[in-house]
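Chains as they are written, first to last, in the working numbering: chain A, 1 to 186; chain B, 1 to 186.
For the record, the hints were derived by calculation from the structure and aren't laboratory data. You may find that some hints are simply not true.
One copy or any two copies: either way a pair holds, since identical chains are not told apart in the list.
Dumping the calculated DSS-like pairs for lysine-lysine here, alpha-carbon to alpha-carbon at most 27 Å [stated by the list, open to error]:
#1 Lys35 with Lys153
#2 Lys35 with Lys51
#3 Lys51 with Lys180
#4 Lys180 with Lys35
#5 Lys119 with Lys51
#6 Lys119 with Lys153
#7 Lys180 with Lys119
#8 Lys180 with Lys153
Values in this document were obtained by computation on a predicted structure and should not be read as measured data.
Protein chains: 2
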Amino acid sequence: MGRWEPNARGRLEQAALELYIERGFEQTTVAEIAKRAGLTERTFFRHFADKREVLFSNSLQELLVTSVAGATDSVAPIDAVVAAFEGAGALLQERREYSLQRQAVIAANPGLQERELIKLASIASALADTLRRRGLTDPAASLTAEAGIAVFKIAFERWISETNQRDFPRLIRESLDELKAVTAGK
Amino acid sequence: MGRWEPNARGRLEQAALELYIERGFEQTTVAEIAKRAGLTERTFFRHFADKREVLFSNSLQELLVTSVAGATDSVAPIDAVVAAFEGAGALLQERREYSLQRQAVIAANPGLQERELIKLASIASALADTLRRRGLTDPAASLTAEAGIAVFKIAFERWISETNQRDFPRLIRESLDELKAVTAGK
DNA sequence: CGACTGTATGTCAGTCACTGTCATCAAACG
DNA sequence: CGTTTGATGACAGTGACTGACATACAGTCG
């Protein structure tokens, strides 16, 4: 076995998730993660900025931005954003078991929740940029993006917590309808 | 000068903000903050859970919850929530200089932004609880709270960034109107 | 006034996340 | 086969944060 086993990053991600599940996030040291992946602590920090980042990636954001950027012009911005989340939700649904495990780890640690929130904020910022590029002005662009995040957050909570798993994209759509009802004031 | 100078916590908060402004958050050590406050590093951690927490308090959350809990029943939930934020905004407006300094420090550091986001999430959770206690059911309660946070976030950004300072509560109200417009789909 | 108690602070040792630096090894290339 | 490039290892160091114990101040009671 050479020094160059393939997919070091992936091995670190898997080892980290396993250990976070087994003993908890705080009780796991980076040295332990690296050892299980057959690497050293220093190498871990070459692949991930910190101990938390190993649970997060930017694939969701890229997916959402691409989706909104490619939406038909006639679709209302809020519907384009939520439709993008529905697409992402369908993908998450295909890996529900992984999503459940990962979310259980995050729910058990405030530091990980912070990281998740800033990732969502980054997505909101990227979506607002995309909407502006499509001609929407501020503050509408920012608010539409934030509204989309809120809808997704609520729907995700429901999807994760419900035992009889309902269709995630459907939950997202229902969440949007509820937001429209709630804000439909005079 | 005895060991018992008054208001240790307040001295730590002020020393921390000063140093974060002077040399930046990361370049400031907790030992330096404690020294400027006439205390030790260990005492800092008895007053604040970590180096970031010294910039945050829960007074805003308590204020908002009290306001929403005391709102008239006939007022729509989203309006009660936003009215609460308008009240909080008026208070922040009275300390605009402090708000600007504090926000400049936070904007310069991702870790502080994370902490700010989880504080806002905590507020959203508390407001949702309050709305539920007033008879609103989920997911409406959670969505209303999240919508209020979104409105506040956008309005706050504008209030901070604009040189000719417009009335903050007014910005909040306008932000809500914009959200209503944006979500007023079919 | 003096002992007693509770709480805030000081002291010290220790763990661990994270970083800078340099050495080393594998693969690709000419 | 030598060179180069990039990923990894080895190691020392800083600083955030914690646990355990000692100490000093403030209030109370006799």
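Hints versus structure:
1. Lys35 with Lys153: Close neither inside one copy (35 Å) nor across copies (42 Å); limit 27 Å.
2. Lys35 with Lys51: Only inside one copy: Lys35 and Lys51 sit 14 Å apart there, 30 Å across copies, limit 27 Å.
3. Lys51 with Lys180: neither (39 Å within a copy, 40 Å between copies)
4. Lys180 with Lys35: Neither way: Lys180 and Lys35 sit 50 Å apart in one copy and 53 Å across, limit 27 Å.
5. Lys119 with Lys51: both (15 Å within a copy, 22 Å between copies)
6. Lys119 with Lys153: both (12 Å within a copy, 16 Å between copies)
7. Lys180 with Lys119: both (25 Å within a copy, 25 Å between copies)
8. Lys180 with Lys153: both (15 Å within a copy, 19 Å between copies)
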